[in-house]
Amino acid sequence: MADSVTLITSALVRPGMGQALAAWHARQAEALSRQSGFISTNLIPPRPSGSERRWCIEITFQSSDSLEAWQGSIPCRKLLEEAEPLLEGGEFQQSLREEHLDPDRGTDVTEVIFSKVKAGMSEQFRDWAQRIQAAQALYPGYLGMYLQPPSGDGDGHWMTILRYDSAIHLEAWMHSSQRAALLQESKEFMEREELLRISTSFPGWVPIDPVSGQGPPNWKTAMLVLLGLYPIVMLQLRLLHPVLVAARLPPAAGTFLANAISVALTSFLTMPFFVRTFDWWLFPGVASPRAKTRRGLRLIGLLYLLEILVLWKLLPF
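Position one of the sequence shown corresponds to residue 45 (the working numbering), numbered consecutively onward.
Worth flagging that the hints you see were computed from the coordinates, not collected in a lab. Hints should not be assumed to be uniformly reliable.
[To be verified] Computed spacing ranges between beta-carbons, pair by pair:
| hint | residue 1 | residue 2 | range |
| --- | --- | --- | --- |
| 1 | Glu232 | Gly133 | 18 to 26 Å |
| 2 | Leu301 | Lys122 | 51 to 59 Å |
| 3 | Glu167 | Glu238 | 17 to 25 Å |
| 4 | Ala163 | Arg320 | 41 to 49 Å |
| 5 | Glu237 | Pro261 | 25 to 33 Å |
| 6 | Arg342 | Pro194 | 44 to 52 Å |
Here a beta-carbon is modelled for each residue, glycine too, at the ideal position from N, C-alpha and C.
The task is simple: from the sequences and hints, build the whole structure.
In structure tokens:
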């Protein structure tokens, strides 16, 4: 997928037109799924807590040629004309970059849905997917969706990723009568549906809170990763690097080996230990959460300093 290209489009949506744009994107996703070279599309609404009304849409194709073919197609032009009344200025801003993601994202809840479509029934699934995508966008807390069709002839597993701002809002949609009715319709053309809940940007390293259904803030997890990774890297530089140089390994192979060791030690040694040790800080609960957060920050800051001083003395270069 090295040659894939992602088109980022964004626009200020007129007041009260957010739901209409979500329904429009569902029609766009259905049209995209028919286009050669299409990989995925992702709708990113504005943050609920912000005043900005800018929506973003990602569209990924296998190559720039397939993207240009879509942009020059009749369905694309018709869809852009349909969107004009919904947008301030009547058009999207477009770019080919990847720095569009909100740095505050990560505390939302994500549901990954794998839909196995019966052979020869992909057209029926497309029509149904358009309706369910429009419906889910009307529920509180909706933060966007990502649709990826199967490769080849369109039969097989389709992947849909839903994001909501909390487990409560996601559950409201997942257990709604509207979704139940749509799932009942899908039995004609869908063999099964598999669900996977992701509530943290570090799945497998940190648990989720059984009360809130969410993982800890990403910055807390990142601090624990650094706490464990820093001494590993320092030890590698002092002990492993000379061995790799003496073995005359190519830089690419040596770097890969060092990274593999770092990832393994972080995944199976340092992170499990620190997650258990700092469980009170990752999930402070309702009793004095700010005080626990400040106490944890001071403790981890001291551990950072201690690591630097100890490794400075023990591992002179």
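Unmet hints by their number, sorted upward, for this structure: Checked against the structure, the only hint that fails is number 1, while the rest are satisfied.
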